[in-house]
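K.L.:
Sequence lines, in order, name chains A and B.
Under our numbering, the first residue of the first sequence carries the number 1, and numbering increases by one thereafter.
Under our numbering, the first residue of the second sequence carries the number 479, and numbering increases by one thereafter.
Some hints here could point you the wrong way.
[Said to hold, decoys possible] Here are a few chain B residues that face chain A, going by a calculated C-beta distance under 10 angstroms: (1) 482; (2) 491; (3) 535; (4) 539; (5) 715.
[Said to hold, decoys possible] Here are a few chain A residues that sit away from chain B, every Cβ distance over 12 angstroms (derived from the structure): (6) 25; (7) 190; (8) 410; (9) 416; (10) 429; (11) 461; (12) 476.
These are calculated hints, taken from the structure and not from any lab test.
The structure displayed is predicted, hence computed values, not measured ones.
A virtual CB, placed ideally from N, CA and C, is assigned to each residue, including glycine.
Okay, here's what each chain looks like letter by letter:
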Amino acid sequence: MIAPNPAQSPAPGSHEPATAKKQFLADAAEHVRDTGHRAFVRKALGGYYTNRDAQKARYGDWEQARDAASLAKWSAVNRLDELLPRFVANFEANGGIVHWARDAAEARDIILGLLEQAGATAVIKSKCMTSEEIHLNAAMEAAGYGVVESDLGEFIQQLRGEPPYHFVFPCMHVRRDEISDLFKRHLGTPPTDSPEELTMIARRHMRRLYVEADVGITGANFLVAETGQISITENEGNARLTVALPRVHIAISGIEKVVERLDDLAVLLPMLATAGAGQPMTCYNTLYSGPRRAGERDGPEAMHLVLLDNSRTALLADAEQRDALQCIRCGACLNVCPIFKNVGGFTYGTTYQGPIGSVITPHLRGLANWNHLSGASSLCGACTDACPVRIDIHHHLLQNRRNAARTSPSWLERLGHRAFVFVARRPWLFAVGGWLFRKSLPLAKAVKPPPLSAWLATRDLPPAPRESFRAAWQRRRR
Amino acid sequence: MSGRTPAENAAARTAILARVREALRVPAPPPHFAGHATPADPGGRPGLTILPSEAGRPWLPDGGDTPEESLQILAANLAKLRAVFFRVPDLGAAADCLFAQARERDWQRVAWHDHPLVQGILSGVPSSTHQIDAAGAAFDKDALEACDAGITACECLVAQTGSILVSSDSCGGRALSILPHCHVVIATVDQVVPVLADALALVRERHPGTLPSMLSFITGPSRTGDIERILVLGAHGPKELIVILVG
Numbered sequence: 001m002i003a004p005n006p007a008q009s010p011a012p013g014s015h016e017p018a019t020a021k022k023q024f025l026a027d028a029a030e031h032v033r034d035t036g037h038r039a040f041v042r043k044a045l046g047g048y049y050t051n052r053d054a055q056k057a058r059y060g061d062w063e064q065a066r067d068a069a070s071l072a073k074w075s076a077v078n079r080l081d082e083l084l085p086r087f088v089a090n091f092e093a094n095g096g097i098v099h100w101a102r103d104a105a106e107a108r109d110i111i112l113g114l115l116e117q118a119g120a121t122a123v124i125k126s127k128c129m130t131s132e133e134i135h136l137n138a139a140m141e142a143a144g145y146g147v148v149e150s151d152l153g154e155f156i157q158q159l160r161g162e163p164p165y166h167f168v169f170p171c172m173h174v175r176r177d178e179i180s181d182l183f184k185r186h187l188g189t190p191p192t193d194s195p196e197e198l199t200m201i202a203r204r205h206m207r208r209l210y211v212e213a214d215v216g217i218t219g220a221n222f223l224v225a226e227t228g229q230i231s232i233t234e235n236e237g238n239a240r241l242t243v244a245l246p247r248v249h250i251a252i253s254g255i256e257k258v259v260e261r262l263d264d265l266a267v268l269l270p271m272l273a274t275a276g277a278g279q280p281m282t283c284y285n286t287l288y289s290g291p292r293r294a295g296e297r298d299g300p301e302a303m304h305l306v307l308l309d310n311s312r313t314a315l316l317a318d319a320e321q322r323d324a325l326q327c328i329r330c331g332a333c334l335n336v337c338p339i340f341k342n343v344g345g346f347t348y349g350t351t352y353q354g355p356i357g358s359v360i361t362p363h364l365r366g367l368a369n370w371n372h373l374s375g376a377s378s379l380c381g382a383c384t385d386a387c388p389v390r391i392d393i394h395h396h397l398l399q400n401r402r403n404a405a406r407t408s409p410s411w412l413e414r415l416g417h418r419a420f421v422f423v424a425r426r427p428w429l430f431a432v433g434g435w436l437f438r439k440s441l442p443l444a445k446a447v448k449p450p451p452l453s454a455w456l457a458t459r460d461l462p463p464a465p466r467e468s469f470r471a472a473w474q475r476r477r478r
Numbered sequence: 479m480s481g482r483t484p485a486e487n488a489a490a491r492t493a494i495l496a497r498v499r500e501a502l503r504v505p506a507p508p509p510h511f512a513g514h515a516t517p518a519d520p521g522g523r524p525g526l527t528i529l530p531s532e533a534g535r536p537w538l539p540d541g542g543d544t545p546e547e548s549l550q551i552l553a554a555n556l557a558k559l560r561a562v563f564f565r566v567p568d569l570g571a572a573a574d575c576l577f578a579q580a581r582e583r584d585w586q587r588v589a590w591h592d593h594p595l596v597q598g599i600l601s602g603v604p605s606s607t608h609q610i611d612a613a614g615a616a617f618d619k620d621a622l623e624a625c626d627a628g629i630t631a632c633e634c635l636v637a638q639t640g641s642i643l644v645s646s647d648s649c650g651g652r653a654l655s656i657l658p659h660c661h662v663v664i665a666t667v668d669q670v671v672p673v674l675a676d677a678l679a680l681v682r683e684r685h686p687g688t689l690p691s692m693l694s695f696i697t698g699p700s701r702t703g704d705i706e707r708i709l710v711l712g713a714h715g716p717k718e719l720i721v722i723l724v725g
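Using the sequences and the accompanying hints, generate a full structural model.
P.N.:
What follows is the structure, encoded as C-alpha cells:
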C-alpha cells in the first residue's frame with residue numbers, strides 16, 4: 001500500500017501550480033499500479049452501497065425527495081444576495097458575531113485574532129473542511145497555538161501529518177495495524193488490531209482535552225436564514241462536545257451553506273445521511289443559535305462565525321455551473337466514482353476530492369492549472385446519479401473542458417481538427433488516408449510513436465480492418 | 479495578526495455582498511429535474527415557494543399515520559440504531575427499569591437535571607447522583623465528566639428516523655446529553671411525533687420568538703466508522719443510549 005510520506009506527498013494546495021497536472025499523473029499512475037490499495041479502498045466502500053440502498057428503500061420516493069432537496073438548495077443559492085444578509089441579521093440577533101473573510105488569508109488572520117483575544121491556550125477542533133481549505137492548522141501552529149483534531153479520522157490524519165484522503169472519511173485508506181502503530185508511537189498505547197479498542201484509545205485521550213480546551217472550532221453544514229441558526233452534522237459527538245465545553249466557539253463556513261427555512265432541514269438532514277453514509281440520520285444533527293443564553297447553565301460565552309468567500313462568488317457568477325454551490329458535502333460522488341476508487345484521494349491534490357472537487361477546484365483555484373481534473377472522469381455519470389441535490393456533476397466536467405479549450409486551446413488538437421476537416425471534405429483523400437491508416441497501424445502499434453504512445457502505453461487497439469467501410473458497403477450491395 | 483476593526487469587517491462584508499449581487503445578475507437555468515417537482519412562483523424570481531413540509535412528507539421515510547404506528551416505527555428504528563428501548567406503563571415502572579439498568583452497568587455516579595420526568599425516576603438510581611443545575615451552584619464540567627450516566631428529558635422523539643430531539647432549554651443544557659458514557663432519556667408516549675418536520679414545528683410552537691441556543695437531533699449512540707469503515711459505538715459521545723418511554 002502506498003503510505004504517502006508527508007515529505008514526499010505535499011498537502012493539497014502546496015502543489016506548485018505548474019506541476020499540479022504532472023503530480024496528478026504521477027500519483028495516479030502510482031496508485032493505479034497498487035492493487036492492494038485499490039482492493040482495500042473498494043472493500044472499505046463496499047458496505048456503503050448495501051447500507052445506502054437499504055435506507056433509500058425506506059423513502060416514499062427517493063427521486064422526488066432529491067428534487068425537493070435540490071430545489072431547497074437551488075433557490076437558496078440563487079437568492080444568496082437576499083438570504084445571506086437575512087441569515088446574518090438573525091444570527092447576530094441571537095447573540096453571535098459574524099466575521100467576513102474574502103479569502104483564506106483573511107480568514108486565518110481573523111481566527112488568529114480571535115484566539116489571541118480569547119487568550120486561548122488549548123484549542124479543540126471538530127471536523128471542518130473549510131479549515132482544511134484555508135490551511136488553518138498550519139497557521140495556528142506557526143502562531144504557537146496547539147490544536148487537536150477531535151474527529152477520529154481527522155485525529156489519525158493529524159498524527160500522520162496528512163490531509164484528509166476523502167472529505168467525509170478522512171482516513172479510510174489507513175489500515176488498523178498502521179493506526180495501532182501510530183497510537184503506540186504518539187500516545188504510548190499497547191498495540192491492538194481491534195477497531196473498537198483503537199477508537200476507545202482516542203476516546204480516552206480526548207476526554208480531558210474537551211474539558212480543558214478554552215476555544216472550540218467547528219465547521220457548519222447549513223446556515224438557516226429564517227432563524228439565524230447554524231447546523232452541524234456529525235456521528236461521533238465530538239462537535240457537540242467542542243461546542244458544549246470550551247469558553248469560546250468559533251465556526252467557519254462558506255457563504256454558500258445558507259438555506260432559507262428550518263423546514264428545509266427536514267429533507268436535507270436525512271438525505272445528507274443516506275446519500276453520504278447510508279444512514280437514516282447522522283448521529284448528531286445540532287442547531288446552534290448563539291452562545292449560552294441567560295438562564296442556561298453551560299455552553300460558550302461567545303460564538304463567532306467566519307463567513308468565507310474564497311472564490312465561491314466566482315463559481316456563483318458562472319450561471320451554468322452555479323448549481324455546484326448546492327453541494328452539501330455528503331461525499332456520495334466520491335463513494336461511487338470509479339476514478340476515485342482507482343487513483344485514490346491524495347492524487348487529486350485538492351481539499352475537495354472526487355468528482356465534485358474536480359468541478360469546483362478549477363473555479364476556486366484557476367482553470368488553467370486545474371483543468372486536468374476535468375479529465376479525471378470516465379463521464380459515466382455515477383456521480384450525478386448519486387448526488388442528493390442533483391448537481392449536474394459530469395456535465396460540468398465537460399463544460400470545464402470546453403471552457404479550457406476556449407481559453408487556452410491546444411495547438412495539437414486544433415491542427416488535428418483542421419487536418420481532419422481538410423481530408424474529410426475530399427473523398428479521394430479520405431480514401432487514401434484510410435488506406436494509409438490501415439497499412440500503418442501494425443507498425444504504429446509496434447513502435448508507439450508520440451503522441452500515440454500516451455494512449456498505447458496502457459491500452460490496445462483492435463487489428464486494422466482489411467478494407468474500408470466504403471469498400472465493404474459496395475461489395476455487399478453487389 | 480490581532481483582531482480586525484469593525485470597519486475592516488464592514489468593508490469585507492460590503493465587498494462580498496457586492497460580489498454576490500454581481501454574480502447573480504445572470505440568472506441560472508432552471509433546475510433540470512426528471513419532471514417531478516416544478517418550481518412554483520413563476521412570476522417573481524424563480525422557484526422560491528417549494529416544498530411546504532406537508533407536500534414533501536410522502537417522499538421521505540414513513541413516520542406512521544397513527545400514534546401506535548409511529549411508536550412501532552420508532553421502536554424498530556431505535557433497535558436498528560442499537561439504542562436500548564423500554565416502554566413502561568408508568569413512572570414507577572420506569573424507575574424500576576432504570577434501577578435494573580444502573581445495577582447491570584454498575585454506575586457509581588449519575589448526573590441529572592431538574593425536570594418532572596427526570597425527578598420521577600430518580601428514585602431508581604441506586605448510586606450517588608449529581609444535579610447539574612442545582613440552585614446556587616455553578617456548572618461543574620469536571621464533576622459531570624466523572625459521571626457514568628446522564629439522565630435527561632427530551633423535546634420529542636421522531637419515529638421516522640428514530641431521533642430524539644433535545645434542547646439546551648429543557649433537556650439539561652448542552653453537555654449532559656453528550657459527555658457521560660451513557661445517556662438515559664425519559665419521555666412519555668405523547669412526545670412521539672411522526673416526522674422531522676413535526677419535531678421542528680413542535681419546538682417552534684413551544685419556544686415562540688427565540689429558539690433554545692442548542693437543538694440537537696440524537697439518532698442512536700455515538701458512532702464512528704473511521705477505522706476501515708467498521709462501525710464502532712461510542713466514539714466521543716455516549717456509548718449507550720437508553721430510551722424509557724412511559725405510557
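K.L.:
Just double-check residue 429 of chain A for me: nearest Cβ-Cβ distance to chain B has to come out over 12 angstroms.
P.N.:
Label holds. Min Cβ-Cβ 42 angstroms, cutoff 12 angstroms.
K.L.:
Just checking, residue 190 of chain A versus chain B, shortest CB gap more than 12 angstroms?
P.N.:
Consistent with the label, residue 190 of chain A stays out of reach of chain B, its closest Cβ about 16 angstroms off (over 12 angstroms).
K.L.:
Are all C-beta atoms of chain B more than 12 angstroms from that of residue 476 of chain A?
P.N.:
Nearest chain B Cβ is 42 angstroms from residue 476 of chain A, so the label holds.
K.L.:
Using Cβ atoms and 12 angstroms as the threshold, tell me whether residue 416 of chain A really stays out of contact range of chain B.
P.N.:
The assertion about residue 416 of chain A holds, with a minimum of 32 angstroms to chain B.
K.L.:
May I ask you to test the interface hint for residue 482 of chain B with respect to chain A, counting a Cβ-Cβ separation under 10 angstroms as satisfied?
P.N.:
6 angstroms, holds
K.L.:
Hey, does the residue 535 of chain B contact hint survive, CB to chain A under 10 angstroms?
P.N.:
8 angstroms, holds
K.L.:
Mind checking the CB of residue 715 of chain B against every CB in chain A and telling me if the closest is under 10 angstroms?
P.N.:
With a closest approach of 2 angstroms, the residue 715 of chain B hint holds.
K.L.:
Over 12 angstroms to the closest beta carbon of chain B is the bar; see if residue 25 of chain A clears it.
P.N.:
Correct as stated: the minimum Cβ-Cβ distance to chain B is 28 angstroms, above 12 angstroms.
K.L.:
Against chain B, does residue 461 of chain A hold up as non-interface, every C-beta pair farther apart than 12 angstroms?
P.N.:
Answer for residue 461 of chain A: holds, closest chain B Cβ roughly 37 angstroms.
K.L.:
Taking the closest Cβ pair, is residue 491 of chain B under 10 angstroms from chain A?
P.N.:
Given a least distance of 4 angstroms, the restraint on residue 491 of chain B holds.
K.L.:
Grab the minimum beta-carbon distance between residue 410 of chain A and chain B and tell me whether it stays above 12 angstroms.
P.N.:
It holds; residue 410 of chain A is separated from chain B by about 28 angstroms at its closest Cβ, greater than 12 angstroms.
K.L.:
Does the closest beta carbon of chain A sit nearer than 10 angstroms to the beta carbon of residue 539 of chain B?
P.N.:
At about 4 angstroms, which falls below the 10 angstroms cut-off, the nearest Cβ of chain A leaves the hint on residue 539 of chain B intact, so it holds.
When each numbered hint is compared with the structure, no violation occurs for any of them.
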